[in-house]
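> Now for the letters of each chain:
2 protein chains.
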Amino acid sequence: MTLNESKKEVEKGINIFISNLSEQELYRPISYILELGGKRLRPSLALLSSAFFGGNVEDILHPALAVEVFHNFSLMHDDIMDNAPIRRGQETVHEKWNTNSAILSGDAMLVQAYKLVINTEDSNIKPLNELFSQTAIEVCEGQQFDMDFETRDNVSIEEYIEMITLKTSVLIACALKMGAITAGAADNEANLIYDYGINMGIAFQLRDDYLDAFGQMEKVGKQKGGDILANKKTYLALKAISNANEIERAQLIELQKEPNPKLKVEQTLRLFTSLGVDKDIEHLSKSYFAKALASLRSCEGNPKILEEFLTFSEGLMVREY
Amino acid sequence: MTLNESKKEVEKGINIFISNLSEQELYRPISYILELGGKRLRPSLALLSSAFFGGNVEDILHPALAVEVFHNFSLMHDDIMDNAPIRRGQETVHEKWNTNSAILSGDAMLVQAYKLVINTEDSNIKPLNELFSQTAIEVCEGQQFDMDFETRDNVSIEEYIEMITLKTSVLIACALKMGAITAGAADNEANLIYDYGINMGIAFQLRDDYLDAFGQMEKVGKQKGGDILANKKTYLALKAISNANEIERAQLIELQKEPNPKLKVEQTLRLFTSLGVDKDIEHLSKSYFAKALASLRSCEGNPKILEEFLTFSEGLMVREY
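Sequence lines, in order, name chains L and Z. Per our numbering, residue 1 is the first one in the first sequence, and the count goes up by one each step. Per our numbering, residue 1 is the first one in the second sequence, and the count goes up by one each step.
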């Protein structure tokens, strides 16, 4: 099985899930957000992981869909909290309907995710449920950290890594581990693929932060420096403060109030470069990437699918936007 | 076991649950809302049901707490949707913190409820999970109906009964059935106690509607006629429209716009009485009550605990506020 084949199975499953939803008002935002698309990365990785450890599609499909439904639930609620008007080029649910609908349909999605998790072999219900709940609560904790960061001015780099781990990595790792569980892999194998997911997720998010500042975002029509404009406490911003001398620190803080967006991005990027944080983030990202690959290579899985994982992982790291 | 003893076990369990919560910001609204108190009716009934069918406290306690945590999650999110400033005499979570906190901590509560559900005998995990998810989704559907009713002017009495069944009864019935499941009762017994819960829940909610209009609310410091003032489409309002002739119907509709609250409540109540809806609701409530008791009496449970259930049920129906 390739990642592409895996994605096709997932799309089929999502379509069946959507077509089984009742016509009631409650479910319209659910099919809407699921139909916005997305890469279906998490569930596709779950299927690939299952195949890697010799499992079959049938046992992992519904738990994998649970992860995708949960992911979209969290996007629906996060978009309310972040006051985001656009998601994947379309209106967010709370904009298209209203906040109440986005809250309630999101709640219903979380419940539906739990219904999907237990749609598998009886012997897997308990471990999958435990893993899923643990992950879900960590994602909530990550979102809380992220919100707290906005009003805090003493965020450490360790806390930032912890936040992105909770907000991004644990769900990817959960999807991968679910594949191992339903395939009946040994605990240490399941934990290795989980670790791969955690470290890959951190590397991926750091690459995202790098690209938001230094990537060729214009190519895909995204605004360059969105994080800088929003004064987000990313690794780059935190590390710049940490590398800076007193004068540079004052400049960085002054730039947060700069009203001209073009000037703000340009000057901040110039400071970032002179402080070497572009190199720092690449270095850190690569070290998480290396850790991820080490865990992956330690797994005793199907060698062809190992290659598939490696190609996928490298693809994430070399992307330019 | 008495209902009172059952409630004491539940309180102990809730206190342990609260004391095990992390100190993080995410969990503060959770302990806050759980510490506001409440009757702990649903989990207490779960324990009583378990004892009724010969089960032990240990197996039902955590699933019962799941129901209470879920109930409080739904209050936290409903309060946002209803823009409610006060809950049990204290500020609601979204007022004391903010909407984002109430959304996110509510989400975390829903996950924690699921963690509690599976904290029981392995063989019960699947049926409890299925029942809990089915119930949770129905509660969401009930809340959606309730919100839809606000902007609809063709709500039927059947739809109203369906809405209160989903919003109120199914969770009570779920708690009772969980007790039967963990006690190892036969399916038909579990379904009978579920039916008792459904019909008792409807009777209870109809009694609530009656008391909101005709009860001695002043005695407990509640505003009389709150539903009338809010133009809520309760059974009384819907049945009044249905019983009214053209002139009375016009009067009822006119009264919805009456700005003087005292006048509005008094005149609406006078119309309700002359249209006989006070008698209609008592009649309907009693018929659900009778159905509830018939299901209860058909159960093959401990006779002493049957008496406890009967006393409790009658207590609900004779209350004056």
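Hints in this document: simulated from the structure, not taken from any laboratory. All figures in this text were calculated on a predicted structure; none of them were measured in a lab. A portion of the hints provided could be inaccurate.
What the hints assert, rightly or not - Covered stretches of chain L, going by a simulated chain Z footprint (3 or more residues, C-beta under 8 Å):
#, segment
1, 18-30
2, 98-104
3, 127-133
4, 141-150
5, 268-277
All C-beta atoms, glycine included, are put in the ideal place defined by N, C-alpha and C.
> Please flag the earlier hints that this structure goes against, numbers listed from lowest up.
5
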